[in-house]
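Asks: Each chain, letter by letter, is given below.
2 protein chains.
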Amino acid sequence: MTELSQAAVERIIKKAGAARVSADATEMLSTYMEEYGAFIAREAKKMSDHAGRKTLRGADIRMAAEMFK
Amino acid sequence: MTELSQAAVERIIKKAGAARVSADATEMLSTYMEEYGAFIAREAKKMSDHAGRKTLRGADIRMAAEMFK
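Protein chains in written order, with our numbering: chain A, 32 to 100; chain B, 32 to 100.
Treat the hints as calculated values from the structure; they're not laboratory data. A couple of the hints might just be wrong.
Identical chains blur together in the list; that is why a pair holds if it fits in one copy or across any two.
DSS-like mimics (lysine-lysine), calculated; alpha carbons at most 30 Å apart, straight line [what the hints assert, rightly or not]:
{"no.": "1", "residue 1": "K77", "residue 2": "K100"}
{"no.": "2", "residue 1": "K45", "residue 2": "K77"}
{"no.": "3", "residue 1": "K85", "residue 2": "K45"}
{"no.": "4", "residue 1": "K85", "residue 2": "K46"}
{"no.": "5", "residue 1": "K100", "residue 2": "K45"}
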């Protein structure tokens, strides 16, 4: 369902210090991370449109992410 | 450097409507998504500790994510 690899998200949770991680925790964090990413990407798309570009750049992502910190 | 697959993150950006995506945009969004995920995971670890559990569950992730929305 989500784009992100469950193994990658589980590694992120383990790095946070969890000894054991249930499968539903990994799935749930994937969903939240993807929602966050999609939100930033939509805001960044507005920034690139505003700049008259067809290519979404790193600077658009940075501007969007820093605005919603 | 980041745990997340660049291909997956690029798909998330394309779904947001970007016709073209530069490599640095994908890399930057991966970094922000991973920072966000790590932050939620650390807060969720506090929740599972508080509940006296060794296993981090989906409910810990949900509680942490909803607190910082």
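Asks: All the hints need checking, so say for each whether the structure fits it.
Replies: To see whether the hints hold, each was checked on the structure:
1. K77 x K100: both (17 Å within a copy, 22 Å between copies)
2. K45 x K77: Result: close only across copies, 13 Å inter versus 35 Å intra.
3. K85 x K45: Intra 38 Å, inter 12 Å, cutoff 30 Å: inter-copy only.
4. K85 x K46: between (37 Å within a copy, 14 Å between copies)
5. K100 x K45: both (24 Å within a copy, 22 Å between copies)
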